[in-house]
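Mind docking chain B on chain A? Use the hints.
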Amino acid sequence: MNAAPAVEAIDLVKHFGETRAVDGVSFVVPEGSVLGLLGPNGAGKTTLVRMLTTLSIPTRGTGRVAGFDILRQPTEVRRSLGLTGQAATVDEILTGRENLKLIGSLYGLPKKYVREATERLFTRFDLLDAADRMAKTYSGGMRRRLDLAVSLLAAPPILFLDEPTTGLDPQSRSGLWAVLRELVSEGTTLVLTTQYLEEADHLADEIVVVDKGRVIAAGTPTQLKDQAGRASVVVTLTHAADVDRAAELMESCCQEVHVERGSRRLTAQAGGLGDMTRIAAVFETSGIELDDLGLTRPSLDDVFLHLTGHRAEAEDAADPTNEGVTT
Amino acid sequence: MTTVQATRAPATRPPISPPSLLRASSTIVWRNLLHIRRMPEMLLDVTVQSVMFVLLFAYVFGGAIAAPGADYKEFLLPGIMVQTMVFSSAIVAMGLTSDLQKGFVDRFKSLPVPRSAVLVGRSISSLIHSSIGVAVMAVTGLLIGWRVRNGFVDGVLAFALLLLFGFALIWLGIWVGSLMRTVEAVQGFMFTVMFPLTFVANTFVPTESMPAWLRAISEWNPVSAITQACRELWGNGPPAGADAAWPLQHPILVSIGWSVVLTAIFAPLAVSAFRRRSRD
Numbered sequence: 001m002n003a004a005p006a007v008e009a010i011d012l013v014k015h016f017g018e019t020r021a022v023d024g025v026s027f028v029v030p031e032g033s034v035l036g037l038l039g040p041n042g043a044g045k046t047t048l049v050r051m052l053t054t055l056s057i058p059t060r061g062t063g064r065v066a067g068f069d070i071l072r073q074p075t076e077v078r079r080s081l082g083l084t085g086q087a088a089t090v091d092e093i094l095t096g097r098e099n100l101k102l103i104g105s106l107y108g109l110p111k112k113y114v115r116e117a118t119e120r121l122f123t124r125f126d127l128l129d130a131a132d133r134m135a136k137t138y139s140g141g142m143r144r145r146l147d148l149a150v151s152l153l154a155a156p157p158i159l160f161l162d163e164p165t166t167g168l169d170p171q172s173r174s175g176l177w178a179v180l181r182e183l184v185s186e187g188t189t190l191v192l193t194t195q196y197l198e199e200a201d202h203l204a205d206e207i208v209v210v211d212k213g214r215v216i217a218a219g220t221p222t223q224l225k226d227q228a229g230r231a232s233v234v235v236t237l238t239h240a241a242d243v244d245r246a247a248e249l250m251e252s253c254c255q256e257v258h259v260e261r262g263s264r265r266l267t268a269q270a271g272g273l274g275d276m277t278r279i280a281a282v283f284e285t286s287g288i289e290l291d292d293l294g295l296t297r298p299s300l301d302d303v304f305l306h307l308t309g310h311r312a313e314a315e316d317a318a319d320p321t322n323e324g325v326t327t
Numbered sequence: 001m002t003t004v005q006a007t008r009a010p011a012t013r014p015p016i017s018p019p020s021l022l023r024a025s026s027t028i029v030w031r032n033l034l035h036i037r038r039m040p041e042m043l044l045d046v047t048v049q050s051v052m053f054v055l056l057f058a059y060v061f062g063g064a065i066a067a068p069g070a071d072y073k074e075f076l077l078p079g080i081m082v083q084t085m086v087f088s089s090a091i092v093a094m095g096l097t098s099d100l101q102k103g104f105v106d107r108f109k110s111l112p113v114p115r116s117a118v119l120v121g122r123s124i125s126s127l128i129h130s131s132i133g134v135a136v137m138a139v140t141g142l143l144i145g146w147r148v149r150n151g152f153v154d155g156v157l158a159f160a161l162l163l164l165f166g167f168a169l170i171w172l173g174i175w176v177g178s179l180m181r182t183v184e185a186v187q188g189f190m191f192t193v194m195f196p197l198t199f200v201a202n203t204f205v206p207t208e209s210m211p212a213w214l215r216a217i218s219e220w221n222p223v224s225a226i227t228q229a230c231r232e233l234w235g236n237g238p239p240a241g242a243d244a245a246w247p248l249q250h251p252i253l254v255s256i257g258w259s260v261v262l263t264a265i266f267a268p269l270a271v272s273a274f275r276r277r278s279r280d
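These protein sequence lines map, in sequence, to chains A and B. The first sequence begins at 1 in the UniProt record's numbering and counts up by one. The second sequence begins at 1 in the UniProt record's numbering and counts up by one.
Just chain A, same shape as in the assembly:
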């Protein structure tokens, strides 16, 4: 028997008036894994999370969290999840400690547990020194960590994170990634939305790419990259003088060879590691000196461009109705 999936979206639809924010999305998140919902601004990621966390009622479809139906068993769903929203929803006027006390009391957790858990979480998130300061004095990174501490207070088995690192500096971002990986290693299931391809690539076991309320691709990061195009072998020569001979050699054994003279770099299409070792052997016998030989796969950014025809991290500040206009 298989363990029940932690989270399921079942043909979820949400209309806001004429706008179809989410237009029939389904996916399954196995327990203990990380699902990345990847898409540009306005793709419907936040609406999906809001429906799955019972904040928003779907127009059609349903979902299950920890096996509970989001429409029929919202209270059980709420007991099973933690949510860190897009804007860190900590109470700025309360101190860090009071924020946890507030949420602890709303969960009906024993006071003693809340006190101990606060110490533990604040130690882990490096907030102990700031615990008795009002949250409005916190930096962006600290607020996110406090928000996460609040979400983790009741030790939920499933955690939803809506753009957890948006607006954070690179250092805070990698700090938060480390914390999230630690949670996963302890068995927590994560559903996170992100606009950052790097973030999805880094954290997620499975990625669901959404655009305009629909799923346009799904799979592991590697599978998605394979979809966007095959891998290629990149050879960097030590001496510029060898470029012509190297190009000849590669053309004899590979397809689509490109030569960049200036950087002494040659690329060729490759099916996988087998091709790379073959090319390595060819150069070995030829006696041409190499600086580097490697296999590169397309980035998720390439994937997104391939799937949607537009970049994921495009400037969405413009009027969304102008999406059809190409520039």
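Since the hints were made in silico from the structure, they are not lab data. One thing to keep in mind: the hints can contain errors.
Unchecked claim - One side only, chain B facing chain A, incomplete, derived with CB under 10 Å:
(1) Pro14
(2) Ile16
(3) Ser17
(4) Ser26
(5) Thr27
(6) Arg31
(7) Leu34
(8) Leu111
(9) Val113
(10) Ala117
(11) Arg149
(12) Arg215
(13) Ser278
(14) Asp280
Just so it is clear, the structure is predicted and the values come from calculations on it, not from any experiment. We put the beta carbon where it would ideally sit given N, CA and C, even for glycine.
Relative to chain A, chain B alone:
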């Protein structure tokens, strides 16, 4: 497979016992009162501002206003207290909109807690907020010569009527707070409503001197009935004259009636607007 599931995170979970509506609401009240304690300037509207109103009317305008059968300061105090109570609906509206805007309501909704606790907690804390204002008014009044003259029971009854009326108007506040998107919009709207509501009445001046049509509007204004009720219960003025409109002849009953009617109108509107706002 199932054994793996059992040893995962749930095994280490603390006991969650979702609180009753009462407990959840009192937690929200605790949080809202903590806000007031951290930012005492939130109380300016019902303290310094109201005291200024008292002094302004008692000493600047008061000399030019003749209150029939009463000292103007005595006449004024019940009016100002009713005004303070009316403003509690603006306080609740702004607080609710701010909680909606800043995501506090979302955070709250993701917890296994009765959702109405946000509203109950918000209305109780704003009643406390305006009661502080009424207490400040009472002390100011005592200092400048206002007195409760008809004994303890009537005195307390008048304060109870004030609270009841404040409670009714809180639903108006919740309704407006759920409909509007920003605190600034709420503030603009509420003050546009509050000013005519509290000034076109017998709060600051006797209605006898008004043109007939305005006098009729004023005397049917719920604010007038509750003001008149407090004046009579505290012994701050004579009963309304024989030519006054019907509500002022029976101010206590009419005050209770208005409070019930306003609650019956605005409570369902407020709850459904809040629900609608909470669905998306």
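Evaluated hints:
1. Taking 10 Å as the C-beta cut-off, the interface hint given for Pro14/B holds, the closest approach to chain A being about 5 Å.
2. Taken as an interface hint, Ile16/B checks out: its beta carbon lies about 5 Å from the nearest beta carbon of chain A, inside 10 Å.
3. Satisfaction of the interface hint for Ser17/B is found here, the shortest Cβ-Cβ separation to chain A being roughly 4 Å, below the 10 Å cut-off.
4. A cut of 10 Å between beta carbons decides the hint on Ser26/B: the least distance to chain A is about 9 Å, and the hint holds.
5. The interface hint given for Thr27/B holds, since its Cβ lies 5 Å from the closest Cβ of chain A, which is under the 10 Å cut-off.
6. For the restraint placing Arg31/B at the interface with chain A, the shortest Cβ-Cβ distance is roughly 5 Å, inside the 10 Å limit, so the hint holds.
7. Given hint, Leu34/B at the interface with chain A, holds; its Cβ is 6 Å from that chain's nearest Cβ, closer than 10 Å.
8. A hinted interface residue such as Leu111/B counts as satisfied when its beta carbon comes closer than 10 Å to some beta carbon of chain A; here the least separation is about 5 Å, so the hint holds.
9. A hinted interface residue such as Val113/B counts as satisfied when its beta carbon comes closer than 10 Å to some beta carbon of chain A; here the least separation is about 5 Å, so the hint holds.
10. Among the interface hints, the one on Ala117/B holds; its C-beta lies about 8 Å from the nearest C-beta in chain A, closer than the 10 Å criterion.
11. Hint on Arg149/B is violated. Least Cβ distance to chain A is approximately 42 Å, over the 10 Å limit.
12. Taking 10 Å as the C-beta contact cut-off toward chain A, the hint placing Arg215/B at the interface is violated, the least distance being around 46 Å.
13. Hint on Ser278/B holds. Least Cβ distance to chain A is approximately 8 Å, under the 10 Å limit.
14. Look at Asp280/B: its Cβ gets to within about 6 Å of chain A, closer than 10 Å, so that hint holds up.
Hints 11 and 12 from the earlier list are contradicted by this structure; the remaining hints agree with it.
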